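Q: Each chain, letter by letter, is given below.
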Amino acid sequence: MPLRIGIPRALLYYYYYPMWKGFFKALGAEVVVSSRTTKDILDKGVKQAVDEACLPVKLFFGHVLDLKDKVDYLFVPRMVSVEHKAYICPKFLGLPDMVRHNIADLPPVIDVTVNMSRNEKNLYRAFAEAGKVLTANPLALRKAYKAGLKEQERFERFNQLGFLPHESIEQMEEGLAARNFSPGQPQNMTIALIGHGYNIFDTYISMNLIGKLRDMGIRVVTADNLTGDIIEERSNELPKRLFWTLGKRMIGSAFHYMRLDSIDGIIHVASFGCGPDSFTGEIIERHLRRRGNLPLLNLTIDEHSGEAGIVTRLEAFVDMIQWRRAAQ
Amino acid sequence: MRGYLGVDVGSVSTNIVLMDENENVMETLYIRTQGQPITAVQRGLEYIRDRVPAGMEIGGIGTTGSGRHLSGIIVGADSVKNEITAHAVAASKLVPGVQTVLEIGGQDSKIIILRNGVVTDFAMNTVCAAGTGSFLDQQAARLGIPIEDFGEIALKSGTPVRIAGRCSVFAESDMIHKQQMGHNLPDILAGLCEALVRNYLNNVGKGKEILEPVAFQGGVAANVGIKRAFEKALGFEITVPPHFNVMGAVGAAMLAREATRKTGRTRFKGFAITQEKFRAASFECGDCPNLCEVIEISGQDRILARWNDKCGKWSNAEVSGFRRKKIENLA
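Going down the list, the protein sequences come from chains A and B. Counting from 1, position 61 in the first sequence corresponds to residue 61 in our numbering; the numbering is continuous, with no gaps. Counting from 1, position 238 in the second sequence corresponds to residue 238 in our numbering; the numbering is continuous, with no gaps.
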């Protein structure tokens, strides 16, 4: 029986799952993902995690709990940096330790460190380390690494076609397109949704934000639909380079979308208690004001935000866009 | 002659207005919801029914407020709109040239920015209900003064005390402290008004360009102490429009008129609904770990609507026709 490697459906899953899966699969392992977020998973996570953590980190704990008895290994990489001189949030950095010290009876945790800040080759080193539980053959590791990268490229291509990451993953696994799903179809309104992938693509904690917008006939675009170059270029408009990778994605994509005539509004989604989010929202709002009058909505989600409040704000926001259009 | 009804079911009050074809408000009603939105709507409609002039037929009915979906099902609404849009519509019609709407209700507060009669920006308070009507209610009750007299007493203040307005829990302990120190009641109440306004402008109004004319509406606008505190903070006069406490309902009636103009007929079920028995019940769906609390509204003999399930299994079942209509209204 192949070894089962568990990957929690939370946090960087929405950014790197295809690469991780491609790598482990090429080495003959079976990759098991936790179930979609439910009230039960969130409740368990909130109970188990440290108080000070933000909601997405607490949710990660819930997903670990969901997986722990179903797999031989848990993959919780220590993601320090994924690019030159920019970093992932410190809470992600301590993730393997937090998980290990807060949850009892865990299967062994594969907690390789990914730090590409100084040297991009560190990515291979991390993968080679992670693959050790499966093989010692350097050639096989190198091949699996390439397979992972290839999957990641495929994933990004789908994203750039207009799929959202959770749909690209589904597309790669089951073929969404075969079921008549076309993401890029023109709608009468397009809204750029700016927020961390692990907040906006998790239908439970985002309270199905994307589904709600689409039900209103709105096309949703996110930072994931853009290439890294665009994000880098646009975020360079700030006087000082941002050293948070995820915050930079939000700012760069917002700066890009605010220039496009095809965008009718921007919705910024922050999680309550996220330090960087509190100022990315502010920076985006200020730049938007300076440029003119593209509508912006700030939404904050936390574990007890009511769905009714979100719906009211979304409806009012869409009404406002329609009203402004009618007046033009 | 046709009349239009607007129903605003908020957390604290339920408001109903009757408007004629020319958007003149003929009757208004402001009653407390008291945790029973269905009964409040029925009682309110009963009151309005007896005041509809002879020869007037109801051409449309619209609902808004946090209980808009519930009441929309009960009355058979032509339009079900969020309260931000409803307030903006009403203010732009009733206050000529309005550029800013400040609205403070029972549980929430909002600011709406209009330019050339079009909403360009809005914000609502976040999770915290500090500085809304309920807090004032609670403090008035604690001090044993009727909420109606709150503002008048605050106006008598010479030197308002400074009260921490960031959080209602801290505001309360601050007020108790000041009262034990010996400050008089008007100064404490005026201080509370200023704290509430400061909190509002810093949170809800953060970064917004507040330009004249400003309309101040919602139940709290009845409080002259708050109005004066706003004027002091902003440096210019603000307007409390007529019908300020039922503006959401006025907007809902206007939106209903708009909606029926397209369809030509109303879905209003008639005043008979005031006598009907409605039942709201909820059950926990145990089919998946989400354990959604599904709400079920039933009339005398059948289920009218279900909602609050994440997967749509219950809301689509049985009442699908009704549900679809409701969604059309939202769009």
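Worth flagging that the hints you see were computed from the coordinates, not collected in a lab. Treat the hints with care, since some could be wrong.
What the hints assert, rightly or not - Taking lysine-lysine and the PhoX-like style, the derived pairs with C-alpha atoms no more than 20 angstroms apart in a straight line are:
no., chain 1, residue 1, chain 2, residue 2
1, A, Lys68, A, Lys39
2, A, Lys39, B, Lys206
3, A, Lys91, A, Lys121
4, A, Lys91, A, Lys47
5, B, Lys232, A, Lys212
6, B, Lys206, B, Lys178
Here the structure is a predicted model, which is why all the values come from computation and not from measurement.
Q: Each hint needs a verdict: does it hold in this structure or not?
A: The hints, checked one at a time:
For the proposed pair Lys68 (chain A) and Lys39 (chain A), the alpha carbon gap of about 18 angstroms is at most 20 angstroms, so the pair holds. A threshold of 20 angstroms between alpha carbons decides the hint, and for Lys39 (chain A) with Lys206 (chain B) the separation of about 33 angstroms lies outside it, so the pair is violated. Annotation: proposed proximity of Lys91 (chain A) to Lys121 (chain A) is violated, straight-line Cα distance about 24 angstroms (limit 20 angstroms). A distance of roughly 18 angstroms separates the Cα atoms of Lys91 (chain A) and Lys47 (chain A); the hinted pair therefore holds under the 20 angstroms criterion.
With a CA separation close to 41 angstroms, the supplied pair Lys232 (chain B) and Lys212 (chain A) exceeds the 20 angstroms bound. With a C-alpha separation of about 28 angstroms, the suggested pairing of Lys206 (chain B) with Lys178 (chain B) is violated against the 20 angstroms cut-off.
Checked against the numbered hints listed earlier, the structure breaks hints 2, 3, 5 and 6; every other hint is satisfied.
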